[in-house]
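Q: Here's the letter readout for the chains.
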Amino acid sequence: MTQEAISTDVVIIGAGPCGLFAVFELGLLDMKCHLVDILDKPGGQCAELYPEKPIYDIPALPVVSGHELTERLMEQAAPFGPQYHYNEMVEELEKLDDGRFRVKTDGGLVFEAKVVVIAAGGGSFQPKKPPIPGIDAYEGKSVFYSVKRMESFRNKKVLISGGGDSALDWTINLQPVAQSMQLIHRRDGFRAAPDSVNKMHALVDEGKMQFHLGQITALHGDNGQLTGVTAKGNDGNDYEIECDTLLPFFGLTMKLGPIANWGLNLHENLIPVDTEKFQSSEPGIFAIGDINTYPGKLKLILSGFHEAALMAQAAFKYANPDAKVTFQYTTSSTSLQKKLGVA
Amino acid sequence: MRIILVDGKGRERELAAIEGWRVMEIIRDHGFPIVAECGGACACGTCQVEVDPQWAAKLHESREDELDMLDQNYGGEWSRLSCQLIMTPELDGLRVRLADVAVREAA
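Residue numbers (this note's numbering), protein chains in the order written: chain C, 10 to 352; chain B, 188 to 294.
With the rest of the complex left out, here is chain C (with noise of 0.2 angstroms):
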């Protein structure tokens, strides 16, 4: 099926701080912009890795939580109608006939840009995979990192690995849909909160699931169909449980990912680029905050917004070879201030 492509003046790839920012940035110079990133929400590393942390090196804000540094930036950026596609990540790139570029998402959206902003910081996170023997052959089939629709695991016997949110979240959620619900954990102790563990402890208490102490060290079945796992307990003995599904939840880890595929330079994962408009090695495709380099870089969220302004106005140019660029203060500038809604 062809997707009808969504066209448009940039496509930033990430939001988190870094990106969120850009979208400011270029939109003083009348750039819209659509945002995709992997995550269900913005923030990047503020919202995933420490939403709550305090951060103190944001100029003006002598400390700010990650959480709320995203909220403000997407006040900021809110009068330029970005819009945000979450849950997405960009797998194809490419530079069309026209000079355009392409973007394809692993969820099917198809965008068409003059420009591409790549504001990945790490890469994209990505679940992090137990090392079981022979694991890849059940992905997708009966082995799942996520739960797109919790309908899909009606009747299943399902058993989930870990001990944080996301293990003792879905082992609640999930218990009155399956047919069988089982947990294990290598340790009496969780990460998750209190609240979770105690609903979990008392539906075991209830008889309406089990709990094992120990680790997953084999999967079986038949193509791709999971009918049990071998585990090891804590006392060093095997045992054997029986399921037709597993959900591994060892939290998620930042991998560069499809950006290896795009045909652009890159040095130990990173990409480098000018320091006068933050380009790669393909004009047209920008790359600002933790996932580019050049000499002196400094993975700061203060950098990454110094290189968002410089990126934009080179970003402008680059998509209008021949407009004249008049540089702008928005405490004087009416039209700047009519763009931000507040003259």
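Where hints are given, some of them may not hold.
What the hints assert, rightly or not - Not everything, but these chain B residues come out facing chain C in the computed CB check (under 10 angstroms):
no., residue
1, Glu-201
2, His-217
3, Glu-224
4, Thr-233
5, Glu-237
6, Leu-257
7, Asn-260
8, Gly-262
9, Val-288
What the hints assert, rightly or not - Cut-off 27 angstroms, straight-line C-alpha distance, at most; resulting in silico cross-link-like pairs (DSSO-like, lysine-lysine):
no., chain 1, residue 1, chain 2, residue 2
10, B, Lys-245, C, Lys-241
11, B, Lys-196, C, Lys-157
12, C, Lys-62, C, Lys-264
13, C, Lys-50, C, Lys-326
14, C, Lys-113, C, Lys-150
15, C, Lys-264, B, Lys-196
16, C, Lys-306, C, Lys-333
17, C, Lys-138, C, Lys-113
18, C, Lys-41, C, Lys-348
19, C, Lys-166, C, Lys-113
20, C, Lys-264, C, Lys-150
21, C, Lys-137, B, Lys-196
22, B, Lys-245, B, Lys-196
23, C, Lys-138, B, Lys-196
Said to hold, decoys possible - Every beta carbon over 12 angstroms from chain C, so not counted as near; a handful from chain B, in silico:
no., residue
24, Arg-189
25, Ile-191
26, Asp-194
27, Arg-198
28, Arg-200
29, Leu-202
30, Arg-215
31, Gln-241
32, Lys-245
33, His-247
34, Glu-264
35, Met-274
36, Asp-279
Hints were generated in silico from the structure; no laboratory data involved. Since we're looking at a predicted model, the values are computed, not measured. Note that CB positions come from ideal geometry on N, CA and C, so glycine has one too.
Please arrange chain B on chain C, whose structure you already have, making use of the hints.
A: Positioned in the frame of chain C, the structure of chain B alone reads:
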């Protein structure tokens, strides 16, 4: 003072150790490709080692945040984060094996 490092291929190396240094830092300082992504903040789990069971009892117990990281990185019975192990004279001769998750892939 020294530690014995067993790498992914089973090879043993004797590394000079310094009191007060983290085992992760000692491994890194000797130029081994240990990932140790977060630099010792107990926030990533990629400096994981398996401690020789004979040595395990000599180590202090894991704190909750270390256990959380071991949970997420498939730690086993003898697994520790090497950034949480600080060299003392009692640990002279400590034998650890680098976990797969801690070995940086060649670029």
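Q: Does each hint fit the structure? Answer for all of them.
A: Verification of the hints:
| no. | hint | in the structure |
| --- | --- | --- |
| 1 | Glu-201 | 28 angstroms, violated |
| 2 | His-217 | 21 angstroms, violated |
| 3 | Glu-224 | 9 angstroms, holds |
| 4 | Thr-233 | 9 angstroms, holds |
| 5 | Glu-237 | 13 angstroms, violated |
| 6 | Leu-257 | 8 angstroms, holds |
| 7 | Asn-260 | 7 angstroms, holds |
| 8 | Gly-262 | 7 angstroms, holds |
| 9 | Val-288 | 8 angstroms, holds |
| 10 | B:Lys-245 to C:Lys-241 | 25 angstroms, holds |
| 11 | B:Lys-196 to C:Lys-157 | 39 angstroms, violated |
| 12 | C:Lys-62 to C:Lys-264 | 23 angstroms, holds |
| 13 | C:Lys-50 to C:Lys-326 | 31 angstroms, violated |
| 14 | C:Lys-113 to C:Lys-150 | 24 angstroms, holds |
| 15 | C:Lys-264 to B:Lys-196 | 25 angstroms, holds |
| 16 | C:Lys-306 to C:Lys-333 | 30 angstroms, violated |
| 17 | C:Lys-138 to C:Lys-113 | 25 angstroms, holds |
| 18 | C:Lys-41 to C:Lys-348 | 12 angstroms, holds |
| 19 | C:Lys-166 to C:Lys-113 | 35 angstroms, violated |
| 20 | C:Lys-264 to C:Lys-150 | 23 angstroms, holds |
| 21 | C:Lys-137 to B:Lys-196 | 23 angstroms, holds |
| 22 | B:Lys-245 to B:Lys-196 | 26 angstroms, holds |
| 23 | C:Lys-138 to B:Lys-196 | 22 angstroms, holds |
| 24 | Arg-189 | 29 angstroms, holds |
| 25 | Ile-191 | 24 angstroms, holds |
| 26 | Asp-194 | 17 angstroms, holds |
| 27 | Arg-198 | 20 angstroms, holds |
| 28 | Arg-200 | 23 angstroms, holds |
| 29 | Leu-202 | 25 angstroms, holds |
| 30 | Arg-215 | 16 angstroms, holds |
| 31 | Gln-241 | 16 angstroms, holds |
| 32 | Lys-245 | 21 angstroms, holds |
| 33 | His-247 | 17 angstroms, holds |
| 34 | Glu-264 | 7 angstroms, violated |
| 35 | Met-274 | 26 angstroms, holds |
| 36 | Asp-279 | 29 angstroms, holds |
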